[in-house]
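Hints are included, so try docking the two chains, each in its own frame, into the full complex.
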Amino acid sequence: MTSINPTRIPVGGADAPPAGPRPARRSSARAAETRRKWYEIIGLTTPAIAVYVMFVLVPMGFAVYYSLFRWRGVGPPTDFVGYDNYVLAFQDPVFLDALRNNAIIVVGSLVIQGPIALAVALLLNRRFRGRAAFRLLVFVPYVLAEVTVGIMWKLLLTGDGTVDALLRQLGLGSFVQAWLADLDVVIWTMLFVLTWKYVGFAIILLLAGLSNVPPELTEAAAIDGASWWQTQRHVMLPLLGPTIRIWMFLSMIGSLQAFEVIWVTSVPAVRSLGASATMATYMVDNGFFARLWGYGNAVAVILFVISFIAALLFQRFLLRRDIDGAVTGRRN
Amino acid sequence: MAMRHRAGATLALLMTTALLVAGCNGGDDEAPAENELYKNPVTLTWWHNASQDGPGKTYWEKVAKDFSAQHPTVTIQIEAIETNQLQRTRLPAALLTSDPPDIFQAWGGGEMREQVEADYLKDLTEQVKDEVANIGSATEIWQVDGKQYGLPYRMGIEGIWYNKDMFAKAGIAAPPTTFDELNQAVTKLKAINVIPIALGAGDKWPAAHWWYNFALRACSVDTLKKASVDLVFDDPCFVKAGQDLKSFIGTNPFQPNFIATPGQNDPTSANGLLANGKAAMELMGDWNRGTLETVSANPEALKKFLGWFPVPAIAGSAGDAKAALGGGDGYSCAKNAPAECVEFLKYIVSPEVQKGYAETGTGLPAAKGAEAGVTDPALKSILEATSGATYVQLWLDTAFGSTVGNAMNDAVVAIFAGNGTPEKVVEAMKAAAKK
Numbered sequence: 044m045t046s047i048n049p050t051r052i053p054v055g056g057a058d059a060p061p062a063g064p065r066p067a068r069r070s071s072a073r074a075a076e077t078r079r080k081w082y083e084i085i086g087l088t089t090p091a092i093a094v095y096v097m098f099v100l101v102p103m104g105f106a107v108y109y110s111l112f113r114w115r116g117v118g119p120p121t122d123f124v125g126y127d128n129y130v131l132a133f134q135d136p137v138f139l140d141a142l143r144n145n146a147i148i149v150v151g152s153l154v155i156q157g158p159i160a161l162a163v164a165l166l167l168n169r170r171f172r173g174r175a176a177f178r179l180l181v182f183v184p185y186v187l188a189e190v191t192v193g194i195m196w197k198l199l200l201t202g203d204g205t206v207d208a209l210l211r212q213l214g215l216g217s218f219v220q221a222w223l224a225d226l227d228v229v230i231w232t233m234l235f236v237l238t239w240k241y242v243g244f245a246i247i248l249l250l251a252g253l254s255n256v257p258p259e260l261t262e263a264a265a266i267d268g269a270s271w272w273q274t275q276r277h278v279m280l281p282l283l284g285p286t287i288r289i290w291m292f293l294s295m296i297g298s299l300q301a302f303e304v305i306w307v308t309s310v311p312a313v314r315s316l317g318a319s320a321t322m323a324t325y326m327v328d329n330g331f332f333a334r335l336w337g338y339g340n341a342v343a344v345i346l347f348v349i350s351f352i353a354a355l356l357f358q359r360f361l362l363r364r365d366i367d368g369a370v371t372g373r374r375n
Numbered sequence: 002m003a004m005r006h007r008a009g010a011t012l013a014l015l016m017t018t019a020l021l022v023a024g025c026n027g028g029d030d031e032a033p034a035e036n037e038l039y040k041n042p043v044t045l046t047w048w049h050n051a052s053q054d055g056p057g058k059t060y061w062e063k064v065a066k067d068f069s070a071q072h073p074t075v076t077i078q079i080e081a082i083e084t085n086q087l088q089r090t091r092l093p094a095a096l097l098t099s100d101p102p103d104i105f106q107a108w109g110g111g112e113m114r115e116q117v118e119a120d121y122l123k124d125l126t127e128q129v130k131d132e133v134a135n136i137g138s139a140t141e142i143w144q145v146d147g148k149q150y151g152l153p154y155r156m157g158i159e160g161i162w163y164n165k166d167m168f169a170k171a172g173i174a175a176p177p178t179t180f181d182e183l184n185q186a187v188t189k190l191k192a193i194n195v196i197p198i199a200l201g202a203g204d205k206w207p208a209a210h211w212w213y214n215f216a217l218r219a220c221s222v223d224t225l226k227k228a229s230v231d232l233v234f235d236d237p238c239f240v241k242a243g244q245d246l247k248s249f250i251g252t253n254p255f256q257p258n259f260i261a262t263p264g265q266n267d268p269t270s271a272n273g274l275l276a277n278g279k280a281a282m283e284l285m286g287d288w289n290r291g292t293l294e295t296v297s298a299n300p301e302a303l304k305k306f307l308g309w310f311p312v313p314a315i316a317g318s319a320g321d322a323k324a325a326l327g328g329g330d331g332y333s334c335a336k337n338a339p340a341e342c343v344e345f346l347k348y349i350v351s352p353e354v355q356k357g358y359a360e361t362g363t364g365l366p367a368a369k370g371a372e373a374g375v376t377d378p379a380l381k382s383i384l385e386a387t388s389g390a391t392y393v394q395l396w397l398d399t400a401f402g403s404t405v406g407n408a409m410n411d412a413v414v415a416i417f418a419g420n421g422t423p424e425k426v427v428e429a430m431k432a433a434a435k436k
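First to last, the protein sequences are chains A and B. My numbering puts the first sequence at residues 44 to 375. My numbering puts the second sequence at residues 2 to 436.
Here chain B stands alone, though its shape is the one from the complex (with noise of 0.2 Å):
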């Protein structure tokens, strides 16, 4: 593959540019275009989620001018648009007209399946087989009955934040690998009077994330893939999920009027408490390593407190107990893109870009070859549980569609406000499966 020939320069770019000022790199020069591609000009439209000022955007707009750079016949036009924006509003407007962005974010499930029976995306699956071996198993969440839609760029399982300090003040000797001990454990936190779970309730999802657990704990494997694909929610399994949220909400984890505390991005929310040492343990995705940092008034402390380790075991579930949830961030073409489309999806999931990315510390890379940028203990020991899980199950929101997704998260957030039953949100769901 020309990557492979090109990875040499590219390295040698990105240590070049790393050193010069960004618009210094105009007298780069790269060897003439192999093949038909980068014959005529083109330009390439780009909408990707990281619109707050920082490293995240920053990177990609360092990887396109890079790009841009070894191929001068591709121009690169990015916008970067907030997730939710982008994902509930732009983007679908956007792919309804003939003249969609070229390259787009995608986040796999049930929303791609929809987008690939409407015709919107170029099937990579012949021009991706390296790509897709070296990612490995995450890149079926961007698969469609077998074919190749998109590939990630960031991925990760979800597990619990914690702060170490707080735990050692405790007397909670090892992270809590059942759910008992992580009862133990919150008895312990409350007794040194910190908040033993933040809860960003507000948000819905963060909330819905804690349902998701109990699922992926009670549900078989199979039962789960088979709910994704055809949203058949019968197995009991899914009111037993329920049942156990409800009696663990019962024990009094969370911090009081949780129902209006917002996830992150803010110093009320749930993350503001854990990063400020007011809580000691949160639910949450490999990116808020980064988040938190926003949030914290002292990040220098925060690194040294920070911890993680996976969601606990339940002890008898039907569950696997080495499956975890999680969930990450890739991109897909339109279409209709030119095939330079692909060309440069290729080279952002390339291990040297990967790595790149990593060192931005705002997420996980997906493709192997990229670990050495990753340099937080956390993020880390995220790593490590990430390739030792048996089985990555997609969010559950995400994997069930937004339909689906909205009234099961809005369900389940009226357990945790003390109006909801278990069985309802298996009703709301199936009721939504039908709208």
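Same shape as in the complex, but just chain A (with noise of 0.2 Å):
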């Protein structure tokens, strides 16, 4: 930064204030370069700050207001019940199979996803006919808006639909299941449709961080008399640890958010006895539909701390490397 902080060239030129002993013209030329510093922070930074503060800090506050009310959203909040409508929440059986749901989903998508993503994003790195197509056909679920996905998958896995004759042709009939009607099997469907429609970003993410090792190293490894297996278990997936821990980062907090493909693919009776509800849904259950505003509020509050907490470990333990100076504070 400093090298071309143009800020220096001025100072002490001719427009410098006369008279005074050296170090006070020194110290207010100093001081004249961190107040001009600051300006340009200021300046910089004060239309993300204001535009943060306004969509993500402000409401974050009224959401802790709200929580704290007994309020159905007529008229304004007036019931305070303090922590009431948090204690609420745990006590609720429903609450507490989407928070198992939850769970099931970050730990699902990390161990089936990571596995998949590094297998597939290995192999399309290297060589061959018809490799662009095959990256853009795994990134299609990506690219496809939640909504589409859920209601593809809803009308696929409907009872005798699409799914169910398939698996009978290929005479697997005995697999069949009610994909979104059996209480205990729902939750391993929504997590398919999830894995399905987000490897496909992991595999991407992998790819650009493959495409990050130089050819220098593979090239030196091949000399050494490596094979390609020894290459990517020695030299690829070391050097492809920082993107890992970055999709493992992002991949958590959006299973901990889970909702659009949750909200579309299952239906209403099944995510409100808790067989696929996560968080996210039961906060829209029952803050609009039940128009529990306050409750709703509250469950919105859990869910914030809950994946702010996750992120601040990961972040502690895990990308601590990857990150150090940019989140963790400077290090010397």
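Just so you know, the hints here were simulated from the structure itself, not pulled from any lab data. Idealized CB from N, CA, C, for every residue including glycine. Check each hint, because a few of them may be wrong.
Here are the simulated distance ranges between beta carbons [said to hold, decoys possible]:
| no. | chain 1 | residue 1 | chain 2 | residue 2 | range |
| --- | --- | --- | --- | --- | --- |
| 1 | B | Pro378 | A | Ala208 | 34 to 40 Å |
| 2 | A | Ile194 | B | Thr44 | 33 to 39 Å |
| 3 | B | Ala94 | A | Phe347 | 16 to 22 Å |
| 4 | A | Ala91 | B | Asp235 | 54 to 60 Å |
| 5 | A | Pro102 | B | Ala175 | 56 to 62 Å |
| 6 | A | Pro102 | B | Pro300 | 45 to 51 Å |
| 7 | A | Ala353 | B | Asp166 | 56 to 62 Å |
| 8 | A | Phe347 | B | Asn420 | 46 to 52 Å |
| 9 | B | Glu182 | A | Met103 | 36 to 42 Å |
| 10 | B | Lys305 | A | Thr205 | 52 to 58 Å |
| 11 | A | Phe347 | B | Ala175 | 45 to 51 Å |
| 12 | A | Glu303 | B | Ala94 | 17 to 23 Å |
| 13 | B | Lys227 | A | Ile159 | 55 to 61 Å |
Sample of chain A residues facing chain B (criterion: CB under 10 Å; computed from the structure) [unchecked claim]:
| no. | residue |
| --- | --- |
| 14 | Met103 |
| 15 | Gly104 |
| 16 | Ala106 |
| 17 | Val130 |
| 18 | Val137 |
| 19 | Ala312 |
| 20 | Leu316 |
| 21 | Ala333 |
Now the structure itself:
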């Protein structure tokens, strides 16, 4: 930064205030420099900060405030109940089901998508005919709108629908389940649809990470007599570490906030029985459909706190090396 | 009333516009304003739920245009919003602000009670006496403490829509009038390998409506009326409703995996099962005629086989056998809406406009004098049954308000899923009343 800082140039020039001993002048010059730096910082960050405060911090503050009221969204909130709404949430078996489902989605996404994405990315990183087309195909589900994906799978997975028919024709009729109706199966169906939708994103991220690995390294490995597999295992994989960790972070946060696909694919009855509810769908079902606005805000705050803590822990323990200096503070 | 003077002109205008292309009626002129109304230009914002392209949406556009043509000072801005969006998010949020829509969808019942307590709605009592007299007792749903805060344009009771061909094939001579007969019909329909009753439990309310009907049969009218106002559910009849429902579900009258079947709007829904000849019956409101048609592969065949009968009675029960569950759609004016809003509302529920509404086939008109617009035989039988009902109980989830209603529906769905109990429904309702 300092090498291209233009503020240095005019300092101490002809326009500098006369008189005064040198040390004082130097310090006033430094002060002017600091001031200018601050103007720069303020000028460049104000729009972003203003938007952030207006649309993130202020609504968050309101959510916390409303969550302390028994309020159905009619008239201003007046019935202050303290943290009662939070207690109610943790007493509701459906909310606890939602927490469990979120946990399944977080762990399931990491465990299933990770290996698949890695395998496909390593494969797609090799040169072969139709690679571009294949890459595009893999990425298509991620580009589709969540609602489109939800409706599509809802129609495919409906009782005696396309998926069931396909399984029967393949002689796998005994595997047919009530994908969207069996209360013990539906969360795994959701996990499958989410995996189908988001694995492409993981693949693209990892492919980008792979393309950052200098070819000299693989060449050197090849000269040293490493097999393709050894190269992947000992050269590619370690260098892919930062990318994998960033993907894990994004996947985890996305899983905690899972909403659209589940909202569209699974019907209200199955959600309200807890079988496919997530914290976010539970929040909307209770906040808007049961018109418990205060309670809904409490659920929103719980969701925020859980995501926030998860993000902090992840950054503290897994992302530390990757984002050193950017988030965790300066290190000498 | 000004309404009557304009009746002839309105009718003429309706007929002209029916013949003309929508854009060509700019030349129609109207007698100068008779009173203080219509002196200053006003814009009315109108939020309704006919958001899907179709006769319902087109008709409201025409109604607004006709009204503006008669009263050039009035401009009407329509926003058509999907029901759930409108009712759950858009409207509550807009009503909290200082600039709500002027005229908007109102379902009456518990929600309206809260809106009145928050002073959101215009008291129409003095201005709509004639309309209330013409519509009749249905207007009570849009009343709070004897004052009128909205008027219905659609009103009907629910009953069982059925496939006449399947009934004939199964050897069912006449539509069941008691639950015993209904059970027999279910057995006969199973014998010819069709789904006896289609159920869209996935959307929760279609399943909950079965419970409502058992409650209507088990509870006295007084108990139900009191429950709607005080939200007290101590009467054992509410538990009885769940028990009756449980034994009815035990006869397996529904299609498999009904817990994930949507109610309407797509071919895999319960509507689709009835409309496309896979199921013999479905419990649903008067709007079903239109929604069945949208999911039917062959609307002509549907028209031929579709019939309707009232929900059967239960022998020896406390409830009124001639009472029915029903509900409607209405509109309210915001507290600070201009006076023209009330005039427009009166225009919407006037017999001529109501007749045109009935002709769209999207629902039964609420006002008398519009009956001629109902031509479908199934709808006609609903109209007869509605006027023959001794008491029309508003859908319980609407009557008790969204909070109790939602908890009640969830608990009833749990019975359907096999992990709820009749007692838990009442417990959930009581708990929600305190939330």
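* **Agreement of hint Gly104(A) with chain B interface, Cβ distance less than 10 Å** => violated, 17 Å
* **Status of the given 56 to 62 Å range, CB of Ala175(B) versus CB of Pro102(A)** => With a Cβ separation near 60 Å, Pro102(A) and Ala175(B) satisfy 56 to 62 Å, so the hint holds.
* Answer holds if the nearest beta-carbon of chain B is closer than 10 Å to that of Val137(A); otherwise answer violated. => holds, 8 Å
* Asked: Given Leu316(A) was flagged as interface, is its beta-carbon under 10 Å from a beta-carbon of chain B?
  -> holds, 6 Å
* Evaluate the given range 36 to 42 Å for the C-beta pair formed by Glu182(B) and Met103(A). => For Met103(A) against Glu182(B), whose Cβ atoms are near 59 Å apart, the range 36 to 42 Å is violated.
* Cβ-Cβ distance between Ala94(B) and Phe347(A): within 16 to 22 Å? -> Between Ala94(B) and Phe347(A), where Cβ atoms are some 21 Å apart, the hint holds.
* Would you check whether Ala333(A) satisfies its interface hint, that is, whether its CB is within less than 10 Å of any CB in chain B? => Because about 4 Å separates Ala333(A) from the closest Cβ in chain B, which is inside the 10 Å limit, the hint holds.
* Is the interface hint for Ala106(A) satisfied, with its Cβ closer than 10 Å to some Cβ of chain B? -> violated, 15 Å
* Asked: Falls inside 45 to 51 Å, the C-beta gap from Pro102(A) to Pro300(B)?
  -> holds, 47 Å
* **Ile194(A) versus Thr44(B) beta-carbon gap, inside 33 to 39 Å or not** => For Thr44(B) against Ile194(A), whose Cβ atoms are near 37 Å apart, the range 33 to 39 Å holds.
* Asked: Pro378(B) and Ala208(A), beta-carbon distance inside 34 to 40 Å?
  -> holds, 37 Å
* C-beta pair Ala91(A), Asp235(B): status relative to the range 54 to 60 Å that was hinted -> holds, 57 Å
Taken one by one, the earlier hints fail for this structure at numbers 8, 9, 10, 11, 14, 15, 16, 17, listed in ascending order.
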